[in-house]
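Residues per chain, in single letters:
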Amino acid sequence: MSSFGQTASLPHALGVRSKTGSGAWVTTREAFWIALEALRTHKLRSFLTLLGVVIATATLIVVMSVINGMNLYIADHIANLGANVFIVSKYQWAQGYEAWLKARRRNQPIRVEEFEFLKENLSGYKNIGAAASMWSDDNSTRYQGHVLYNAEISGDTPSMIDIGNQKVESGRYITDSDYQHESMVCFIGHDIVDEFFPSVEPIGKEILVNGLPFRVVGVAEKIGSTFGQSEDNFVQIPLTTYRKYFAPRLSLDVNVQAYDAQQMLALEDEARALLRARRHVPYREADNFGINASQTIMDLWDRLMGSIFALTIGIVAVFMVVGGIVIMNIMLASVTERTHEIGIRKSLGARRRDIMMQFVIESVVMACAGGGIGVLLALIVSEIVDHFWTSTVPLSAVLVGLTLSSAVGLFFGIYPANQAAKLDPIEALHTEN
Amino acid sequence: MSKERDGQTIMETQMASASSGELQAPGDGVVIKAENLWKTYDMGEAIQVHALSGVSFSIDRGEYVAIMGPSGSGKSTLMNLIGCLDTPSRGAYWLNTHLVSELSDDQLAYIRNKEIGFVFQTFNLLSRASALHNVELPLIYSGMPQKDRLEKAADALRKVDLADRMHHKPNELSGGQRQRVAVARALVNNPSIILADEPTGNLDTATGEEIMGLFERLHQAGNTLVLVTHEHDIAAHAHRIIHVRDGRIERDERVD
Ligand SMILES: Nc1ncnc2c1ncn2[C@@H]1O[C@H](COP(=O)(O)OP(=O)(O)OP(=O)(O)O)[C@@H](O)[C@H]1O
Ligand SMILES: [Mg+2]
Chain A
10 MSSFGQTASL PHALGVRSKT GSGAWVTTRE AFWIALEALR THKLRSFLTL
60 LGVVIATATL IVVMSVINGM NLYIADHIAN LGANVFIVSK YQWAQGYEAW
110 LKARRRNQPI RVEEFEFLKE NLSGYKNIGA AASMWSDDNS TRYQGHVLYN
160 AEISGDTPSM IDIGNQKVES GRYITDSDYQ HESMVCFIGH DIVDEFFPSV
210 EPIGKEILVN GLPFRVVGVA EKIGSTFGQS EDNFVQIPLT TYRKYFAPRL
260 SLDVNVQAYD AQQMLALEDE ARALLRARRH VPYREADNFG INASQTIMDL
310 WDRLMGSIFA LTIGIVAVFM VVGGIVIMNI MLASVTERTH EIGIRKSLGA
360 RRRDIMMQFV IESVVMACAG GGIGVLLALI VSEIVDHFWT STVPLSAVLV
410 GLTLSSAVGL FFGIYPANQA AKLDPIEALH TEN
Chain B
45 MSKERDGQTI METQMASASS GELQAPGDGV VIKAENLWKT YDMGEAIQVH
95 ALSGVSFSID RGEYVAIMGP SGSGKSTLMN LIGCLDTPSR GAYWLNTHLV
145 SELSDDQLAY IRNKEIGFVF QTFNLLSRAS ALHNVELPLI YSGMPQKDRL
195 EKAADALRKV DLADRMHHKP NELSGGQRQR VAVARALVNN PSIILADEPT
245 GNLDTATGEE IMGLFERLHQ AGNTLVLVTH EHDIAAHAHR IIHVRDGRIE
295 RDERVD
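Just so you know, the sequences run in chain order A and B.
The working numbering numbers the first residue of the first sequence as 10 and each following residue consecutively.
The working numbering numbers the first residue of the second sequence as 45 and each following residue consecutively.
Honestly, the hints are just simulated from the structure, not real lab data.
Even for Gly, the Cβ is constructed at its ideal location relative to N, Cα and C.
Careful, some of the hints might be misleading.
Here are the simulated BS3-like cross-link-like pairs (lysine-lysine), alpha carbons at most 30 Å apart as the crow flies [said to hold, decoys possible]:
#1 A/Lys52 to B/Lys213
#2 B/Lys203 to B/Lys213
#3 A/Lys214 to A/Lys176
#4 A/Lys99 to A/Lys111
#5 A/Lys431 to B/Lys213
#6 A/Lys52 to A/Lys99
If the Cβ cut is set under 10 Å, some of the chain B residues that face chain A in the computed set are [what the hints assert, rightly or not]:
#7 Trp82
#8 Phe101
#9 Ser102
#10 Asn124
#11 Asp130
#12 Leu152
#13 Leu176
#14 Asn178
#15 Ala207
#16 Asn233
All chains should be modelled from the sequences, with the hints used to inform the complete structure.
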């Protein structure tokens with residue numbers, strides 16, 4: 010067919026241009042130039058346009074940063090609750106409110122006899138220990154004129170030093186002898202040292218714990234703080250002493266350390282069976298105590314993070330869509346405003362895809378600028394949050410934020426760009442702006 | 045001015061096979077052929093404006109043609125059709141043996157970019173861009189790297205005597221200077237067909253003659269020129285004058 014032959018004889022535009030050099034790159038650069046020019050000339054309008062994308066990106070990054078910060082904390086502290094340690098206590102930690110209400114009525118405190126029983130009967134554990142502590146505003150620690158009200162006061166067995174994440178910096182931990190003799194000695198955290206003994210050797214000094222005198226025998230290595238909560242603000246005394254003077258009926262936390270994760274599961278089962286038997290819990294009834302491992306907290310954490318994340322995605326999606334629609338609107342206005350310009354460009358040889366590219370790039374650059382502002386905003390917010398809580402901006406969050414906002418710009422830029430690309434050259438030229 | 049007509053040679057390769065229905069495709073050497081072109085604007089309520097009513101003519105390669113006629117006679121409309129910017133309501137139009145109505149969007153863009161240099165009656169410069177950038181535009185759309193582009197654009201501006209106004213925006217230029225930017229832009233991509241709608245309308249006699257000298261050289265180099273003018277002095281440069289009135293060709297005369 011002859012007409013086919015004719016059209017085919019005209020150089021195919023794409024082929025010719027790629028032969029003359031980096032044609033696509035040249036027109037893309039022109040598009041970038043135009044986009045930046047447009048942003049520069051309409052600073053305020055662009056900023057208002059971008060508000061949705063800015064908020065969406067900032068929200069996304071801040072939440073990702075906080076979750077990341079908390080993850081780091083969890084990994085650092087809770088997951089390392091002690092390797093392969095599980096805790097037998099009055100309640101199961103991570104459970105729903107309903108379950109907790111039920112447990113509150115049924116569960117029995119863990120008694121010293123039960124700790125002794127487990128210690129005797131559990132097979133092949135690496136370590137076992139018990140601790141009791143009560144958070145109370147009535148707790149007071151004094152040294153000379155200084156008072157501390159918020160220190161955690163706990164009673165511990167000597168073995169607890171091998172189970173938890175504390176280490177002795179100077180002096181010693183609670184000994185078997187302290188335990189047996191209900192000695193008035195204490196092992197203190199670094200905050201207590203900073204508060205009471207900034208320039209004095211604390212070992213051998215006597216401090217008042219809830220009004221009773223205790224001799225400092227050891228100081229723990231500094232742990233640090235997370236969630237704004239210091240991990241070094243504690244006073245530990247022998248469990249026997251604690252029970253004798255402070256809280257004789259307080260439920261214990263029995264810490265059992267296994268040699269490996271595999272053995273830990275077996276030990277958990279064994280501990281559960283032993284305790285149920287001792288307490289005569291009927292076959293079909295639930296435990297009236299809790300067995301907790303770091304896994305329990307991790308599960309709770311995962312669930313919590315899942316819902317936070319779902320909520321965030323919802324919020325971000327709404328803002329992104331709103332932001333995208335606003336961008337689309339502005340781009341449509343921009344196309345109308347620049348109809349004459351499009352006519353000129355087409356009359357000089359711009360192809361559909363060149364015009365398309367021009368407006369899509371403008372839209373993407375605009376959205377990306379919004380994403381950039383969002384990133385800056387997020388960095389500032391995250392810095393502030395980190396001050397009193399925890400937040401670490403991961404690079405991935407920044408990349409996700411920028412990619413997402415660019416994608417929004419791309420998606421919502423396509424329709425206006427297509428409107429521009431399909432304009433008739435002469436009609437566009439005859440449009441006055 | 046040096047010539048490199050990469051597009052044209054490819055276009056010439058398939059000259060023979062040009063026929064579409066009963067319409068007679070132009071033979072070799074014919075650059076522009078119009079067959080019974082109509083351009084009708086519907087103004088609503090059954091009112092029609094015929095900007096062109098049945099125009100037929102053909103222009104050979106290397107011809108220098110002037111189109112004259114009173115205001116509103118359809119000269120710009122005709123030029124837009126020749127320049128592949130507009131489409132006729134009726135009739136057929138061939139450019140280099142190609143039936144334009146059968147060309148794809150990209151091929152039309154290619155023709156506008158490489159084959160045709162168009163000087164608009166109203167200049168149509170980008171108001172936010174400098175003279176230099178305006179002249180660069182056709183080169184951008186032909187994909188020329190920036191360095192060559194700037195050189196070529198600056199060269200074209202020098203030829204129209206605007207070396208010292210390259211970085212001025214159109215609103216910082218006089219009417220005549222704008223017209224010269226438009227001329228430089230039309231010539232920068234070395235098109236083989238130059239279409240100019242009143243290219244000297246805003247120029248004084250001396251500058252006008254300079255532009256006409258430029259056109260004369262392009263003609264001598266073998267390019268095809270079509271220009272619209274009101275002035276007989278300008279038309280006298282051409283070798284053929286087509287007189288248009290009320291959308292029809294009134295007279296088609298050769299001058300020597
Ligand atoms: N878009 C349009 N809609 C309606 N009528 C139009 C349109 N464009 C042109 N016309 C009409 O077509 C006729 C020819 O217009 P054209 O611009 O071709 O004239 P011209 O010969 O170039 O005049 P001038 O010498 O003043 O530039 C005029 O009567 C004009 O009113
Ligand atoms: Mg006109």
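Against the structure, the hints come out as follows:
no. : hint                 : result
1   : A/Lys52 to B/Lys213  : 21 Å, holds
2   : B/Lys203 to B/Lys213 : 18 Å, holds
3   : A/Lys214 to A/Lys176 : 20 Å, holds
4   : A/Lys99 to A/Lys111  : 13 Å, holds
5   : A/Lys431 to B/Lys213 : 28 Å, holds
6   : A/Lys52 to A/Lys99   : 62 Å, violated
7   : Trp82                : 16 Å, violated
8   : Phe101               : 21 Å, violated
9   : Ser102               : 17 Å, violated
10  : Asn124               : 6 Å, holds
11  : Asp130               : 4 Å, holds
12  : Leu152               : 8 Å, holds
13  : Leu176               : 13 Å, violated
14  : Asn178               : 9 Å, holds
15  : Ala207               : 22 Å, violated
16  : Asn233               : 8 Å, holds
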